[in-house]
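So the sequence lines, in the order shown, correspond to chains C and G. My numbering puts the first sequence at residues 1 to 508. My numbering puts the second sequence at residues 1001 to 1089.
Keep in mind that the hints were calculated from the coordinates and are not lab data. Some hints here could point you the wrong way.
As the list claims (entries may be wrong) - 27 angstroms max Cα-Cα, derived DSS-like pairs, lysine-lysine: (1) K1030(G) / K494(C); (2) K461(C) / K424(C); (3) K1030(G) / K19(C); (4) K11(C) / K1070(G); (5) K1030(G) / K11(C); (6) K486(C) / K146(C); (7) K97(C) / K39(C); (8) K122(C) / K1030(G); (9) K493(C) / K1070(G); (10) K146(C) / K19(C).
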Amino acid sequence: MTIRKDISREKLSDFLREKVGAFEFKTSVYYYGTVQSTKDDVVWINGLAGCHYGEILQFENNVYGLALDLSENCIGAVLLTAESDVVAGSLVRGTGKVAEVCTGDTILGRVIDPFGRPLDGKPLSAINTRALEQRAPSIIDRAPVKRPLETGILAIDSMIPIGRGQRELIIGNRQTGKTTIALAAIRNQTPDDVICIYCAIGQKLATTARIIHELTESGHMENTIVVASSASDRSAMQYLTPFAGCAIAESFMHAGRDVLIVYDDLSRHAIAYRTMSLLLGRPAGREAYPGDIFYLHSRLLERSAQLSPDLGGGSMTALPIVETVGGDISAYIPTNIISITDGQIYLSSELFFAGMRPAINLGLSVSRIGSSAQHDAIKWIGGRLRLALSQYRELAVFSQFGTNIDAATSQQIHRGERMQEVLKQTQDETYLVSEEAVLLLALAHGVFFGMELSEISQARKELLKYIHAAHPGSLHAIESTGDLTKEEMDTLKKAMDAFLEEYSHGGE
Amino acid sequence: MSTLRTPVLEIAPPYDDDLIRRIEQGFSNKLRLDVCFEVIANPSLLCGFVAYINGIVYDASGRTRLADIKEYLLDSALVPPAVKEEDDF
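Make a model of the complete structure from these sequences and hints.
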């Protein structure tokens, strides 16, 4: 806490006198219980009549716990803090409160834990709080998902579009670029448009620090809130992290704002919940997860919504991340979350190591919202591109066997390779909608088909630079309307022809 | 605190039998129970008492009141209205 040295003694005395005078002394009356036993973060408590599910319990020496098991004879609670002086026989107090987190604009740009305590070493003066567990908006409260949320990644925006209020899973093995895609989506949002929340669940502190550094460096921390629990935190803290992020996001959504929330990642969240459940003695099911693991994630993800205009029209878009082992998307947690979400972006290790970045496997990726949440400028080419790429990938597999292929097939493979090359992006590179429309139009117009594969990365940059310089009006029109008129299209095609001529001469 | 099943009164010294009797009488009237405390002297309460009756704590100790006022002042100090309005506070 910062100490102000410019405060005069008199004013401080007046302040204290005023505050102490206004303070109303009351006898504290509360239920209490005694610790029966404690083991591995789980405490069994006698007494504590009137305790609620999810209530915060206060142990001696300001140690806190969360009541999660209410049985006839005793209460099972998990400890929230690492330093524990809880011993058998010590007193427990029910606080009568469920877990809450602070909300509001004052926490923008901050790093907090699931209870809203600052982790970035700066004081936090948030006034509003919101309970972590809330009901999801009802059917009548929702509106169809129609507005696009651009990620700046061409492959996603053109073929797996994400709408505001959608839940799109990012799934893949470790080290395939899942977090990179989520961070690119955060970096692509403008501060006055979308508020971003990044939930780091049980991550290494160094990883979280790197992400915060990246967001700060790129200037996107201003409209981002990081809710973090580290790998060394108690399971209960990891379990609460996504709910805290979700509660913060909801408060903005109900205020009519658009929010993007990233849960990184729900595999770790499931493991934390499994740990707690097993320690609480709940029956283990498939892969030792408890029976309510599906409900855990469905009640979290169902809270993402596009609210109806009557409720302010705010939205919460969720990008949950799930890590697969050995590419097995039919494991328990991946299948659960795939069935809850409105689509998934599957990142393949094979594509990643083959140099395709982002390593999106289009065959296994889908957006169930479809083109209804896509700009018109992108919509009409995106569908054709997906089909062409799918055909190319099938043909490419056959061509690996060294079979004789006809000229038409050979040309299709040639074009497919170039399409795939255009879709490659570095992790710092995000496109505007207008740039994506230009690149897609260039693909449809065959601008890159006559080039060598090694040239395409440079040519793509040159083309965008050329169009920015020669036709800024066209780009501006696409940005403002989201559409590409016939006239604009013709103008851009002519510009592309001119570019191609200039580029080929320059190449010579 | 092994005898929590019987009403327990933790009280800050000095106290006398008359004071204990009056406290017992007060609780008996309020709860409509015959309250008879096991009395434990606890100087760390500073003043006042803490009564444990039927799973409920009645905390009227000086220690808790000081803790409450400390929390209240810290909460107030985070957003002091005077600081908001006057820079020279």
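Evaluated hints:
1. K1030(G) / K494(C): 91 angstroms, violated
2. K461(C) / K424(C): It holds: about 12 angstroms lies between the C-alpha atoms, which stays within 27 angstroms.
3. K1030(G) / K19(C): 32 angstroms, violated
4. K11(C) / K1070(G): 18 angstroms, holds
5. K1030(G) / K11(C): 43 angstroms, violated
6. K486(C) / K146(C): Holds, at roughly 23 angstroms.
7. K97(C) / K39(C): It holds: about 24 angstroms lies between the C-alpha atoms, which stays within 27 angstroms.
8. K122(C) / K1030(G): 47 angstroms, violated
9. K493(C) / K1070(G): 71 angstroms, violated
10. K146(C) / K19(C): Violated, at roughly 51 angstroms.
Comparing the model with each numbered hint stated earlier shows that hints 1, 3, 5, 8, 9 and 10 do not hold.
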